[in-house]
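Participant: Just so you know, the sequences run in chain order A and B.
Numbered per the working numbering, the first sequence spans residues 83 to 558.
Numbered per the working numbering, the second sequence spans residues 291 to 605.
One or more of the hints may lead you astray.
[Claimed, not checked] When the alpha-carbon atoms are kept at most 16 Å apart in a straight line, the in silico EDC-like pairs for lysine to aspartate or glutamate are as follows: (1) 166(A) / 217(A); (2) 120(A) / 132(A); (3) 528(A) / 324(B); (4) 407(A) / 199(A); (5) 364(B) / 605(B); (6) 393(A) / 457(B); (7) 99(A) / 132(A); (8) 424(B) / 457(B); (9) 424(A) / 410(A); (10) 505(A) / 324(B); (11) 336(B) / 199(A); (12) 539(A) / 319(A).
[Claimed, not checked] Stretch-level coverage of chain A by chain B, calculated; a stretch enters the list once three of its residues show a Cβ under 8 Å from a Cβ in chain B: (13) 85-98; (14) 343-355.
Derived by calculation from the structure, the hints in this document are not laboratory data.
A virtual CB, placed ideally from N, CA and C, is assigned to each residue, including glycine.
Spelled out, the chains give:
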Amino acid sequence: MSAFEYAPAPESRSIVKLQPSYGLFINGEFVDGAGSFKTISPASEEVLAEIAEASTADVDRAVKAARRAYTDVWGVMPGRERAKYLFRIARLIAERSRELAVLESLNNGKPIKESRDVDVPLAAAHFFYYAGWADKLPYAGFGADPRPLGVAGQVIPWNFPLLMLAWKIAPALAAGNTVVLKPAETTPLTALLFAEICQQAELPPGVVNIVTGAGETGAAVVNHPDVDKVAFTGSTEVGRIIARAVAGTNKKVTLELGGKAANIVFDDAAIDQAVEGIVTGIFFNQGHVCCAGSRLLVQESVADQLLESLKRRMATLRVGDPLDKNTDVGAINSAEQLSRIKALAEIGSAEGAERWSPACELPDRGFWFAPTIFTGVSQAHRIAREEIFGPVLSVLTFRTPGEAVEKANNTPYGLSAGVWSEKGSRILAIADQLRAGVVWANTFNKFDPASPFGGYKESGYGREGGRHGLEAYLAG
Amino acid sequence: MTATISPLSEVTRSDAALRTFLHGLPGVDRVGADARAAGLGTRSIKTTAKAWAIDLAIRMVDLTTLEGADTPGKVRALCAKARQPDPGDPSCPPVAAICVYPSMVPTAHEALRGSGIHLASVATAFPSGQAPLKVKLDDTRAAVAAGADEIDMVISRGAFLSGRYLEVFEEIVAIKEACGSAHLKVILETGELVTYDNVRRASWLAMLAGGDFIKTSTGKVAPAATLPVTLIMLEAVRDFLDTTGRKVGVKPAGGIRTTKDAIKYLVMVNEIAGDGWLDPDWFRFGASTLLNDLLMQRTKLATGHYSGPDYFTLD
């Protein structure tokens, strides 16, 4: 117990006006769905609202609305006019950022400092960025007169609900497509607040449609015959199902799937900053990050020193109420995810890796998992191969740069990687050999709308973000 | 605490050995260090935690006047303020120390008698340090003889920047000896060292030479204390304790003017070095205007009212 006890500093919930129930957002209006389900706060298990569940027929209505909007309004609107709407949406996200941040933390369980400083500002930045492209598409490098594809069906995960929505909707709209988006079952609320923002921006009806629901709703979006483009972010398992479902159709697909990123620390790294990067890499957003640095590869000669520093640093992580401004690690998003993390952690112990967590008091209600590291992990362990998607780090060691690269690449995934060294030439040489979509040097989990993002191998295909992100929504 | 610097005594045997050691310390990535400092700056310290932090910050202030225009009258006034920062509230603690030029030490010594407040004197041709060693030693001895129990020395930045590490080391050792029982604070003048790698090396150099405190700045060079520079120094004292068993204090000085800033520093002390440093024996603020802002915030927190600067004494 420190002498300096930080008093609770909760962000007020009063800015969020929760409604008892939410409908589907189709053709610019909120309408009833076939069924309904409850959405909760994972930090307290408190029911926040009743959410409409979209049936196949509801999804059909949404796709029809999107098609009409595409044919009559959005697809034929000059890019400079579309841009105005996107800029307006971006400004509204920025203006309502506190409301969005509080709602995101409530429904997702992530710390308010992350939703406030990362998720929401980046979501606004994506709309600002792609708004700028809307009237410059002929100069994007995809042909002299690139055309939109039509209706995009988009299915997004629960780890960054609003940010993933922005990654999907902003480029689609900028390119002239209309969308039907299904938010994750456990985190629909910010997408529904975004629907309100679309109304506020007077976006033409049908350009954005939000259909809430679980896997079946998602399948209905993906399988709808009038959808021209499918974009999915989520697990590799579901990604495979989607790839099979669209095989043989004319639909274009982008998949952004799982990862098991290596964060490689060389003995000449700036150790204190590397420790920060490791912490950011795996404990940011409770490790619910597809590009999380979940495998630490540390050079044997500095492994002991580094692990000691890492443990000391982990002991200062504040786990608890997501709405407290001093919280570093929030709640696990769902009971289902928590049990998966627990199961894999058990396997890690059973396989002989050494488990360590700092002393930390977890709340009684809600879904919680203490920040955890496993040392003595080898490539043969399941916790070194499978994506845990939680605050669990597997630590492996290496002796030479060649061994580091081999181990880093020895995974079915290839979404991201990190390299830590004070030697520039080494960073460039290693980055060149890593088969990962993003390689961070002396930093981790840094995102920018201008930078493309996407995976190798089972981490998916297609790129989101930047100029590259437009390609998925354009026909040359 | 009896364990001394013996594990590292070899590294100061020659200029080459010292250079090898200092350049073998892990590097500092500026972007990462700045980001870490900024991240800690977002901690939200409220209510009871804020009240606790403000009182601690007051107890950590080295109330400073280092002007050519300083007079015995000015210094006596400052000493009165140090004893009783808020005359309207006897629960307000006194500050840690008064910090003055050597010529003002006799006056301050007299004015602080019996208060338990430390008396720090800058020495060694402060602020530039550009004087022969003999002059610096005399400067130090005179201040100690006149009653200073803490000496704030400056390192020879010229020697450090030209790579003459052993010369800097030996100078600090000599001054430490001249201090006798007085505590030695070693001012690195980080604004002139510029890089964080240099700050880390100079911190270790000063600690190896026996400094009791490492201090950021004279206050005469911009930038003076910054959060990232203090972060590097806090990491250094933490690692030095781990390596040698000897604990060294840290004093950021110059440019810390608001309660908000002071609390950011305390959060950093807590989370980087650990709460063992949350004590006036191990952490100080070199400041003058900071004190009144602390007093205003203290009153605001206690009464709910924010009174103007005229309700607090100038010195």
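Participant: If a hint holds in the structure, say so; if it doesn't, say that too.
Facilitator: Comparing the hints with the structure gives:
1. 166(A) / 217(A): The hint holds at about 10 Å.
2. 120(A) / 132(A): Within the cut-off at roughly 5 Å; holds.
3. 528(A) / 324(B): Holds, at about 15 Å.
4. 407(A) / 199(A): Holds. Residue 407(A) to residue 199(A) sits at ~11 Å (cutoff 16 Å).
5. 364(B) / 605(B): With a Cα-Cα distance of about 8 Å, the restraint between residue 364(B) and residue 605(B) holds, given a limit of 16 Å.
6. 393(A) / 457(B): Violated, at roughly 38 Å.
7. 99(A) / 132(A): holds, 14 Å
8. 424(B) / 457(B): holds, 14 Å
9. 424(A) / 410(A): violated, 20 Å
10. 505(A) / 324(B): violated, 20 Å
11. 336(B) / 199(A): Status violated; Cα separation ~20 Å.
12. 539(A) / 319(A): holds, 13 Å
13. 85-98: holds (count 7)
14. 343-355: holds (count 6)
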